[in-house]
Each structure stands twice: as C-alpha cells, then as structure tokens.
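In the order they appear, the protein sequences are chains A and B. Numbers 1 to 112, taken from the working numbering, label the letters of the first sequence in order. Numbers 1 to 111, taken from the working numbering, label the letters of the second sequence in order.
Simulated from the structure, these hints should not be mistaken for laboratory data. Be aware that one or more of the hints could be misleading.
[To be verified] Distance windows between CB atoms, simulated:
| # | chain 1 | residue 1 | chain 2 | residue 2 | range |
| --- | --- | --- | --- | --- | --- |
| 1 | A | Asn18 | B | Gly16 | 44 to 54 Å |
| 2 | A | Arg60 | B | Ser18 | 42 to 52 Å |
| 3 | B | Gly40 | A | His75 | 14 to 24 Å |
| 4 | B | Thr71 | A | Pro94 | 18 to 28 Å |
Bear in mind the structure is a predicted one, so any value in this text is a computation, not a measurement. All C-beta atoms in this analysis are idealised placements derived from N, C-alpha and C, irrespective of residue type, glycine included.
As a plain string of letters, each chain reads:
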Amino acid sequence: TQLLEQSPQFLSIQEGENLTVYCNSSSVFSSLQWYRQEPGEGPVLLVTVVTGGEVKKLKRLTFQFGDARKDSSLHITAAQPGDTGLYLCAGGHPPGTYKYIFGTGTRLKVLA
Amino acid sequence: NAGVTQTPKFQVLKTGQSMTLQCAQDMNHEYMSWYRQDPGMGLRLIHYSVGAGITDQGEVPNGYNVSRSTTEDFPLRLLSAAPSQTSVYFCAVRQGRTEAFFGQGTRLTVV
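Just chain B, with the same shape it has in the complex (with noise of 0.2 Å):
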C-alpha cells in the first residue's frame, strides 16, 4: 500500500522546456491538489479537482495544467519551464475535509 506516490523525485529542466510531474494514489479519494514549496515558506496551492473530470485552479496557477481522467492520477504539466519554477512540487489527497496525506515530493530545477 503506497499511498501516494510522486514521479520523478528530482528533476533538472532547462528553461522552455516542458514536462509532467506524476502524482498517484491508491487511496482511492476523491480530492488531490498540488502545492509548491518554495525554500523555508509554506505551500502554497497550485491547482486542485474534487474528482475524476473535475479541476479547478489554486492561489498560483499561471505556467501550470492539470488534468484528472481517473480517480487515481492527477497530473501537473509544466508548458515551457522558468527559473521561477524552481521548487518542490508535493502531491495531496484527502477524503472529505479531512486528514490531507502528502507525497514524498518533486524536487525542481530549472536553469
């Protein structure tokens, strides 16, 4: 039993370039988010969905697509990569409003 899983664990870019960070659950919940961590700050929401076919943007959605075909992967497209990007990446579940479970995290740079 993973939980959630995030794929790759680090990542180096070149600026223009793009890529799909993954994020899978085995959870089976129906809400899952992204987040950014930028260093020593809190996270800060990028894009959520409440459930299969349904996303919606967070506080920071600007270079970022996310799609949610299935209830378990939900994930996060970078179009054309800049240094302001440069960031870890941590997928969320959560069933309801309750407890949110985190993955392990995606380490970013883009140079």
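Isolated chain A, as found in the complex (with noise of 0.2 Å):
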C-alpha cells in the first residue's frame, strides 16, 4: 500500500467537462506537489501547496490542500485534449525530510 493514494485511477471524459482529481494519506505532510506526466517524459511540476486550507489556481487548474495537510485535490474545469496525461501528487515523507514518495497517480483521458 503506497502512502499517497490517488482516485479515481483512471479517467476519460468528454472535451468541457469538469472533473476532480483526489489525493489522500493518514499521514501529515509539510506539503504536496502536484505533476503531470506524458508518455515518454519524466514528471513536469504543475504547482507546490504548503499551507492548509490552500488554495492555488493556474489558468483552468484549481488545487486545494486539505486543512489536516493529509489530503489534497485538483480540479480541473472545461478540460480540453491538451490536459490529457498522468496526474500525480508527491510530498517529502517524513515531513520535512528529502524523501520524496510519490500518489499511485492518476490517468486522465479528455476526449474532443
């Protein structure tokens, strides 16, 4: 069992539509990273929360970090093909430590 457990696992959704993507451990970190992958590449980093209760937005991404810092979400609104990709969070676990694991990941298919 991975500490940083991602759903839904996979995703396809029509061009337009808004989705959720959800990331969840009991454990408590210092903070989370959000990145997507394409096929073929390594990790790009898309944003870093650190506060609870954070609220950060880029263009049509809207990422949340949970007030308990063990959680945290990405919303996604009127997704388009170019979001297609894997989606996946990371924190440095112990908190604060350079051991940085990464979610199960989750993969998102947007259909035009």
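Got two chains here, separate frames each, mind docking them using the hints?
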C-alpha cells in the first residue's frame, strides 16, 4: 500500500467537462506537489501547496491542500484534450525530509 | 545545458546479469533520487542522496545499489537482474525542497 493514494485511477471524459482528482494519505505532509507526466517523458511540476487549506489556481486548474495537510485535490474546469496525461501528487515523508514519494497516479484522457 | 541525463535510454538484460544505469546532472543540485515506474502506475522511490557521500533507501531498495562520489553523478546498480525489475527508471534532481527535474527515463526489460 502506497502512502499517497490517488483516485480515480483512470478517468476518461469529454472535452468541456469538469473533473476532480484526489490525493489522500493517513499521514501529514509539510507540503504536496502536483506533477503531470506525458508518455515517454518525466513528470513536470504543476504546483506546490504548503499551507493547510491553501488554494492555488493555474489557469483552468485549481489545487487545494486539506486543512489537516493529509490530502489534496486537483480540479480541472472545462477540460481540453491537451490536459490528457498522468497526474501525480508527491510529498516529502517523513515531513521535512528529502525522501520524496509519489502517489499512485491518475491517468486522464480528454476526448475531443 | 543538458539538465538531467540518463543513459542508456533502452536496455534488455537476461535474468542474473548486472548493469549500471547512469544519471548525470549539470544543475549543481544537491538532492538526487532514483524512481521506478511500472505500467500505468505512479513512481516508487528506490534510493536517494542528499549530497556526495550520503545515500539512503527509499520505498523499494531491494536488488539495487547506489553510490554518490560526486555532486554530478548518481549511478544505480542492478546486482542480479530479475524479471520483476522490468520497469522504466527515472532519475530526479532537486535543490532543497523545491521542484524536481527528471531525466528522460531508462526503459529496462529483463527476460
């Protein structure tokens, strides 16, 4: 069992729909990062959330860090085919360490 | 400025063979790590290093060895390859607790 569980594992939606991806843990993280990975490439950072309850927006993407800093969500508004990819959350555990672990991943496919 | 360079990009090994996956960075970042990614899955941490001469185990260290003699290089050694080690391997570097930069990956098949 991985420390960071993501749901759903797979998601296939039509262009223009909204979606939410979740990243959950039973442990506290000092911060969480979200990455997107495209086929054949390494993950690329989207955002880092640090403060419990924090909300960050990146164009049509909204990221939230849970109040207890054990979970995070990624909401995409009006999804586009260019949003297709593998979304990964990651954090240092134990908190404050350099031992960065990744979540199980959510594979998103947006159909035109 | 190459960033993070992994070699080779592809490798096929026979069970029991040994090999070394190379990771080199020109970013002068202190923290380097190795992950493996199985099909459709997230990344799992194998080993990591916070600086030259300092390494530690990650989530799935068995069957792998690492060393860090310089800031630039962090090789991953498979001592006796097994089919369960078939995976895509990524090297990542970061400075402090900020963004991680990844190499292009090494796709390893053990037959």
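Checked against the structure, which of the hints given earlier come out wrong?
Of the numbered hints, all hold.
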